[in-house]
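Chains A and B supply the protein sequences, listed in that same order. Quick note on numbering: the first sequence equals residues 38 to 246 in the numbering used here. Quick note on numbering: the second sequence equals residues 38 to 246 in the numbering used here.
Worth double-checking, as some hints may not be accurate.
Identical copies look the same in the list; a pair holds intra-copy or inter-copy alike.
To be verified - Think about it this way: if two alpha-carbon atoms lie no more than 20 angstroms apart in a straight line, the pair counts; the simulated SDA-like pairs of lysine to any residue are:
hint, residue 1, residue 2
1, K237, P223
2, K93, L71
3, K91, A226
4, K237, E60
5, K89, I224
6, K93, N43
7, K47, P74
8, K170, L127
9, K79, A193
10, K96, H117
11, K170, I224
Keep in mind that the hints were calculated from the coordinates and are not lab data.
Protein chains: 2
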Amino acid sequence: MSTLPNNLKKISLFLERLPGIGEKTANRLAFFFLRLPDSDLKDFAASITNLKEKTKFCKNCFNLCESESCDICLDDKRDHSVITVVETVLDLLSFENGDIYQGLYHVLLGKIDPLNHVGPDDLKIEELVSRVKKESNRGGLKEVILATSPDMEGEATAMYVKSQLEKLESYKVKKFKITRLAYGLPIGANLEYADYMTLKKAIEGRNKF
Amino acid sequence: MSTLPNNLKKISLFLERLPGIGEKTANRLAFFFLRLPDSDLKDFAASITNLKEKTKFCKNCFNLCESESCDICLDDKRDHSVITVVETVLDLLSFENGDIYQGLYHVLLGKIDPLNHVGPDDLKIEELVSRVKKESNRGGLKEVILATSPDMEGEATAMYVKSQLEKLESYKVKKFKITRLAYGLPIGANLEYADYMTLKKAIEGRNKF
């Protein structure tokens, strides 16, 4: 490493800080940069320079965007009567990439995780509750889908969010549903390798066929 | 992807062009960038902006550097009487990281590979020959170690380089040695899984014990 030229070394050391990239890979990637056109590198550098300044959270749903509200919230073609609650923007992207959902989102920016000192107040739960309150009072909300991850922390987060939403006056007069993503076997899974908990959930949630 | 903010999307698309990085990983890495301090991002962007302009080949050995000659060639503490011929700067780094070699290098910037249209003239072989000629005439050269890779192209390259060096007057009067890296079992290897060619080379090259 000591013999790498200065800029190349700095790039390699930076890349090494990224998750899943070790010293060898960082070196290899830095060398690959050398082969790319200078204009592409300069564009990339400009994006990085502007990244933190330009990227903001949508004031409504906490998706990432470069203006006040994100494209999803601003899209009139989407179903504004359904809000799916996800942990992270990457989770949101998983839905969007599949083009399987046409409603809105609410990104909590994490999940309740006491071991890592993340409590309900660290997440955008209060913002969700007041958003839901506003929307349901306006009569525009039909359903809140809880799409936190199917692990202990995600489950606890879903339970907590549900309890908060159920306190709302508008929920009490049954104006909107609260649902949770289905559990079961993933498509293409091999029953032989399925874990006990997934199988249990798949049996509990079995459907008429 | 359509919902990613502009700069984040550009970063993700750039990262996707790097070897071994797919769309999901590129997204994950781009999101990680958001968590880094802005000053680190700006330093990284500056390195990328300057990379192509500042990084040059050492005029002597074709290692990468930011001045006329690289640190290795300029280092008086190193043994200037031995030149190790490698294919790439990454190969050079493998030796340097191990701190196992104190001589100089000559980077060919590739290997003879007719299938990919790389011939001897595309490599820094002529430059090696004139360097070796100059150094050996000056009486300062004892050995040239051929450290091209142990595959067909690397072997062909080593053979070719050897033939060119043997044509030199200074070689004919036996002023320097030409050697090749040893073949054999890698340390920690399992004989059971060793390939036939490696075993053959290991037997051929066996040493008194």
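To see whether the hints hold, each was checked on the structure:
no.: 1; hint: K237 - P223; verdict: within (13 angstroms within a copy, 48 angstroms between copies)
no.: 2; hint: K93 - L71; verdict: between (31 angstroms within a copy, 10 angstroms between copies)
no.: 3; hint: K91 - A226; verdict: neither (41 angstroms within a copy, 52 angstroms between copies)
no.: 4; hint: K237 - E60; verdict: neither (43 angstroms within a copy, 33 angstroms between copies)
no.: 5; hint: K89 - I224; verdict: neither (38 angstroms within a copy, 47 angstroms between copies)
no.: 6; hint: K93 - N43; verdict: between (33 angstroms within a copy, 11 angstroms between copies)
no.: 7; hint: K47 - P74; verdict: both (19 angstroms within a copy, 16 angstroms between copies)
no.: 8; hint: K170 - L127; verdict: neither (26 angstroms within a copy, 59 angstroms between copies)
no.: 9; hint: K79 - A193; verdict: neither (45 angstroms within a copy, 39 angstroms between copies)
no.: 10; hint: K96 - H117; verdict: within (16 angstroms within a copy, 64 angstroms between copies)
no.: 11; hint: K170 - I224; verdict: neither (36 angstroms within a copy, 67 angstroms between copies)
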